[in-house]
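Novice: What follows is the residue order along each chain.
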Amino acid sequence: MTTRRQFLAGGAVLLGAALAERATAAPEIQSRDSSDTASPLFNGKAYTPVVTPNGWTLPPRLNNGVKEFHLVAEKVKREFAPGSTINCWGYNGSTPGPTIEAIEGDRVRIFVTNRLPEHTSVHWHGIRLPNGMDGVGGLTQPHIPPGKTYVYEFTLKRSGTFMYHPHSDDMVQVAMGMMGLFIVHPKNPKERPVDRDYCILLHNWDVEAGTATPKSSTMTEFNLWTFNSRAFPGTAPLLAGKGDRVRIRIGNLSMHDHPIHLHGYDVHVTGTDGGWLPKSAQIPEITINVPVGAMRAFELIADEPGDWPMHCHKLHHTMGPMGHNIPNMLGVQHDDIVHKINRLVDGAMAMGETGMAEMQEMKMALPENTLPMMSGDGPFGPLEMGGMFTLLKVRDGLARDDYRDPGWYRHPPGSQAREIDMP
Amino acid sequence: MTTRRQFLAGGAVLLGAALAERATAAPEIQSRDSSDTASPLFNGKAYTPVVTPNGWTLPPRLNNGVKEFHLVAEKVKREFAPGSTINCWGYNGSTPGPTIEAIEGDRVRIFVTNRLPEHTSVHWHGIRLPNGMDGVGGLTQPHIPPGKTYVYEFTLKRSGTFMYHPHSDDMVQVAMGMMGLFIVHPKNPKERPVDRDYCILLHNWDVEAGTATPKSSTMTEFNLWTFNSRAFPGTAPLLAGKGDRVRIRIGNLSMHDHPIHLHGYDVHVTGTDGGWLPKSAQIPEITINVPVGAMRAFELIADEPGDWPMHCHKLHHTMGPMGHNIPNMLGVQHDDIVHKINRLVDGAMAMGETGMAEMQEMKMALPENTLPMMSGDGPFGPLEMGGMFTLLKVRDGLARDDYRDPGWYRHPPGSQAREIDMP
Amino acid sequence: MTTRRQFLAGGAVLLGAALAERATAAPEIQSRDSSDTASPLFNGKAYTPVVTPNGWTLPPRLNNGVKEFHLVAEKVKREFAPGSTINCWGYNGSTPGPTIEAIEGDRVRIFVTNRLPEHTSVHWHGIRLPNGMDGVGGLTQPHIPPGKTYVYEFTLKRSGTFMYHPHSDDMVQVAMGMMGLFIVHPKNPKERPVDRDYCILLHNWDVEAGTATPKSSTMTEFNLWTFNSRAFPGTAPLLAGKGDRVRIRIGNLSMHDHPIHLHGYDVHVTGTDGGWLPKSAQIPEITINVPVGAMRAFELIADEPGDWPMHCHKLHHTMGPMGHNIPNMLGVQHDDIVHKINRLVDGAMAMGETGMAEMQEMKMALPENTLPMMSGDGPFGPLEMGGMFTLLKVRDGLARDDYRDPGWYRHPPGSQAREIDMP
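These protein sequence lines are chains A, B and C, in that order. For the first sequence, this note's numbering assigns the number 1 to the initial residue and increments by one for each residue that follows. For the second sequence, this note's numbering assigns the number 1 to the initial residue and increments by one for each residue that follows. For the third sequence, this note's numbering assigns the number 1 to the initial residue and increments by one for each residue that follows.
It is worth saying that the hints were derived from the structure and are not from the lab. A couple of the hints might just be wrong.
Keeping only pairs whose Cα atoms sit at most 30 Å apart, straight-line, the calculated DSSO-like set for lysine-lysine is [as the list claims (entries may be wrong)]:
(1) K242/A <-> K187/C
(2) K187/C <-> K157/B
(3) K242/B <-> K157/A
(4) K279/C <-> K187/B
(5) K242/A <-> K190/A
(6) K75/B <-> K187/B
(7) K148/B <-> K67/B
(8) K279/A <-> K242/C
(9) K215/B <-> K45/B
(10) K75/B <-> K157/A
(11) K279/A <-> K45/A
(12) K67/A <-> K77/A
(13) K75/B <-> K190/B
(14) K75/C <-> K279/B
(15) K393/B <-> K157/A
(16) K190/A <-> K279/B
(17) K157/A <-> K242/A
(18) K77/B <-> K187/A
(19) K279/B <-> K77/C
(20) K190/C <-> K187/B
(21) K157/C <-> K157/B
(22) K242/A <-> K157/C
(23) K187/B <-> K187/A
(24) K45/B <-> K148/B
(25) K242/A <-> K67/A
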């Protein structure tokens, strides 16, 4: 017996197949190589669109009720921060590729053109779909050869926080920067509403000092750690008006888990790439550990104004690439041995007897295209950070659609640590 | 005042002690060195038995109501995948040792004979028991000298997912492969029922190319990652009939946590080695991060047919041992420098200008007993995987007791990504 | 319109500011360089005070209702275990610095004097406070120059498990040992009561064999792992009376997550540095994975007497610093090649054909100030442990305020694994 429900479901599949047959004309390719944060795509009142710091959202083309996207896998150049531009692989001119944004229940058709020198494929990480659309080269489809275009088509059964990345020569292609965010908003705009919604992909890179191309077979020892393929001080801040409900979605395609620590707030994880958490399972945290190949969406009420760091708490992940493997000179009077060390460690300066802070004040000559170990200037002096570090800037009176950097926070009198005289 | 309850509890202890005194005749040793998946031990209707992919369950001997097992710690040879056999340490001919399976409330007596060249002990990881049965050499008992047999005896107070491993010269003995699963089913067969129940132990190994014995003092830089001491393409698939409730239990005795990613499904963790999770604390996930020294049991309804990868999402953990530390040649025209590199990197080929995929198509000569970096053939071409990678194969109409590999999944028309012509 | 509530809140701020202006006389500096566990600070019936194994709690000075503390950042020498004293940085003579303990609702004023050779700052990790008190050098305040004193002041809005550490030259200063615990008890003593409350900070260090100063720019390859800057057998045990409710709070400022495994019990995580978990979200565990930059408080009922190990389950984290990178000699007859190896690996002995256990029985000459790889003596022989390893000693009849080490546990007859004769 065929029920009406089964009939309709079957009909939907047939209809989808028919549409796919006709859909041989891919949308025009849209490309962007800037690392400025793009304004969110405004979509009427259907949902609060996501903002991808230092990234952008790919506008869809509507075709008979199907949202069509066109991804192009290709080589891209990415400025990680002023002074360091890296030779990456990505999509549509950028790494991460453009964020794909759609609504629960949408049918999407995604064209993937391969302009890489080797075959590729796209896996839709976290999205429930028919096995043949899973994007595993060799297993569920042939790898997409260079120069060819494949088309994927499926219905978004559930809202959530997802990713896309290759499933061909995985380690090399992901190591080179091939990854993107895939955000599905709930069909009901009153479900899980937030005032601001940010999404970030974590990554690691192994780029030798003085060079510009990542080593793609490194397993654990990386030297560059990025939010959306940007390193501090190149990372865009996240903004919020006082009282805003803020969601931050973070995915990890690096080789290490990253404990993302937010100052000033405790937050609750409300979603993973598997779906949304029931209220009963939510716990308060200030450091969200994002495992490899996983995503975490967490929420907070921005009730405390200020400039609040958000960074990985593995402290070498908030450093730039220079300066590791330096002999420890703490406590050593080295006036007369600096020259000897400089001869041993080519091009490096000895770390002083007083720690590393003095290094950033020295005029240390950096290798070409290489960021310093500690960097950034704040309102009260050097920030001494790098890599996976940015700021959540919470301000009174910031409008919901205002994404302009408001500058440094000014502390009210009496609310700031201060020097005192000691007898 | 002694209550009836206390009296009975005390009596049970005396009875156990008396039984132990008599139990000096250990059961006959059962041994198995095959890496084929053994059929589950069928135990009437008491529970759904576990299947240990590439492993087996140790049959108990019943002795006056006590389930007796005999483990033998010894050197074993293990084929990790065709072409690579490693010199390990394990139990009863295999690594992992045989799975021990029992029922909540059972009293078990486990004989451990040491045929290793050094002393050992067995810790029953996660099981609540008297301190003297905890198996910590030097602390709760003497280490078991070579050639000697010790006997452990305790009552299984709770159902759950546990392990056994040595607590003597821990780092060396575990690094060599000494570990096993210990599954305790609920007393009530209607509690937590599933149709299929799989259990897997994760491990890492450091075996230099061209050799067969793991280095046992490596701390973090391993080159072989295994499910039940097998590496893809040597890993057995997990099977499920459409609609089956499937439990997968994964324990980790390696040196890194492993984010186990399952395609096609979202799952809920329902148990750890500490017990079962209340429904209110369960969250949806597609990547289960299994910490070191921990176990996770997760469940899903197999409602979507297909061949679904299950793998560690640290991408170098789905690679074979060869090929790391290769200079990155992406984008380099190297027709004339291959010979120079081959002289520098003994026996290796230069990675081409087009990524790593071309390597598996070349006839690269591998060192003896060493798996390639990327391997495996699928229905649509090379799979380019290794290490911690297997498939969950979900099929319509598969009987619950059918564990025969059904071959590759055939996608229905219109449900598969396909090539299109671009103008 | 100003409500009474706003008026009072504003008044409190003004009052606090006024107090701060007057508070230029810092409390006398209290210092301690012992690694004995200090008795807890008894505070009447307001709360069960924490015990910091191998550490101490900083007594506050009451000043017009404000609890004042004085931290001094300075160089310290720390004995990690007998035979190994390390040149660290810390607070008030010790690493970790003294535990700060206060009550929800308390106003605290913390003076920080910098006696280091470089600038520093103190971040109050997890505590909700005004942005200007967040302690991020360069961002929310100037770095504190050497020789200067800064004062922080804020109200403790919530109870919980927090930390303090520098936010200036972070990687170096934390790597050298600058860290401390900050415990805030609930205002209501009936909320979350426990009988014993322990707190521990995890850390890693890279100290080359034969030296005494950590390398401060190491990223991942450390060789010393500590509980409160002590390594086994230097770690103090945790004590509990049978039936006691025990809370253990663990924070991690190392570069790796640490899966802390407790034998004999399953526990529930009840708190993080973000707050307390609702009952509905608590899950049973025996291995608590503590991410970097995070804290976990977990609880258990000590109902099973014995000596129960608590250790990191990454097995190289329960080893001392010596012995890695040794060639694996398992199965090799090496009577005649020991001399050759000794010439290659300076000062090391070849690991025998029988594993590592034989090494600790040999009279292996250790480099000066360096702990052996495996160490410790138990009631039944060598323990073969090091690093992050201690014992929870549960005894019948131990009084709540008794913290004297009760010695080794004696197993009742019939409750201990024992040797049997095999025919």
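Novice: A separate judgement is required for each hint: does it hold in the structure or not?
Specialist: Taking the hints in turn, this is what the structure says about them:
1. Restraint check: the Cα-Cα separation between K242/A and K187/C comes to about 28 Å, which is no more than 30 Å; the hinted pair holds.
2. Between K187/C and K157/B the alpha-carbon distance is near 38 Å, which puts this suggested pair outside the 30 Å criterion.
3. Taking the CA atoms of K242/B and K157/A, the gap is near 19 Å; set against the 30 Å cutoff, the hint holds.
4. Between the alpha carbons of K279/C and K187/B the distance comes to roughly 26 Å, so the proposed pair stays at or under 30 Å and holds.
5. About 21 Å separates the Cα atoms of K242/A and K190/A, which keeps this hinted pair within 30 Å; it holds.
6. A C-alpha spacing of about 35 Å is found between K75/B and K187/B, which places the hinted pair above 30 Å, so the restraint is violated.
7. For the given pair, K148/B sits about 21 Å from K67/B by alpha-carbon distance, which is consistent with the 30 Å threshold.
8. In summary, the hint linking K279/A to K242/C is not supported, as the alpha carbons are separated by about 35 Å, beyond the 30 Å threshold.
9. Under the criterion of a C-alpha separation no larger than 30 Å, the hint pairing K215/B with K45/B is inconsistent with the structure, at around 44 Å.
10. The straight-line distance between the Cα atoms of K75/B and K157/A is roughly 51 Å, outside the 30 Å bound, and the hint therefore fails.
11. At most 30 Å may separate the alpha-carbon atoms for a hinted pair to count; K279/A and K45/A meet this at roughly 26 Å.
12. A distance of roughly 28 Å separates the Cα atoms of K67/A and K77/A; the hinted pair therefore holds under the 30 Å criterion.
13. The straight-line distance between the Cα atoms of K75/B and K190/B is roughly 40 Å, outside the 30 Å bound, and the hint therefore fails.
14. Between K75/C and K279/B the alpha-carbon distance is near 50 Å, which puts this suggested pair outside the 30 Å criterion.
15. Simply put, K393/B and K157/A have alpha-carbon atoms about 22 Å apart, close enough for the 30 Å limit, and the pair holds.
16. Simply put, K190/A and K279/B have alpha-carbon atoms about 26 Å apart, close enough for the 30 Å limit, and the pair holds.
17. A distance of roughly 34 Å separates the Cα atoms of K157/A and K242/A; the hinted pair therefore is violated under the 30 Å criterion.
18. Simply put, K77/B and K187/A have alpha-carbon atoms about 56 Å apart, too far for the 30 Å limit, and the pair is violated.
19. Note on K279/B and K77/C: the hinted pairing is violated, with a Cα-Cα distance of about 49 Å set against a maximum of 30 Å.
20. Only pairs whose Cα atoms come within 30 Å are accepted, and K190/C paired with K187/B is rejected, the gap being roughly 38 Å.
21. For the hint linking K157/C to K157/B, the alpha-carbon distance of about 42 Å lies beyond 30 Å, and the restraint is violated.
22. Restraint check for K242/A and K157/C: the C-alpha separation of about 19 Å stays at or below 30 Å, so the hint holds.
23. Distance check on the hinted pair: K187/B and K187/A sit about 44 Å apart at the alpha-carbon level, beyond 30 Å; violated.
24. A C-alpha spacing of about 37 Å is found between K45/B and K148/B, which places the hinted pair above 30 Å, so the restraint is violated.
25. Distance restraint check for K242/A and K67/A: the Cα-Cα separation of roughly 35 Å exceeds the 30 Å cut-off, and the hinted pair is therefore not satisfied.
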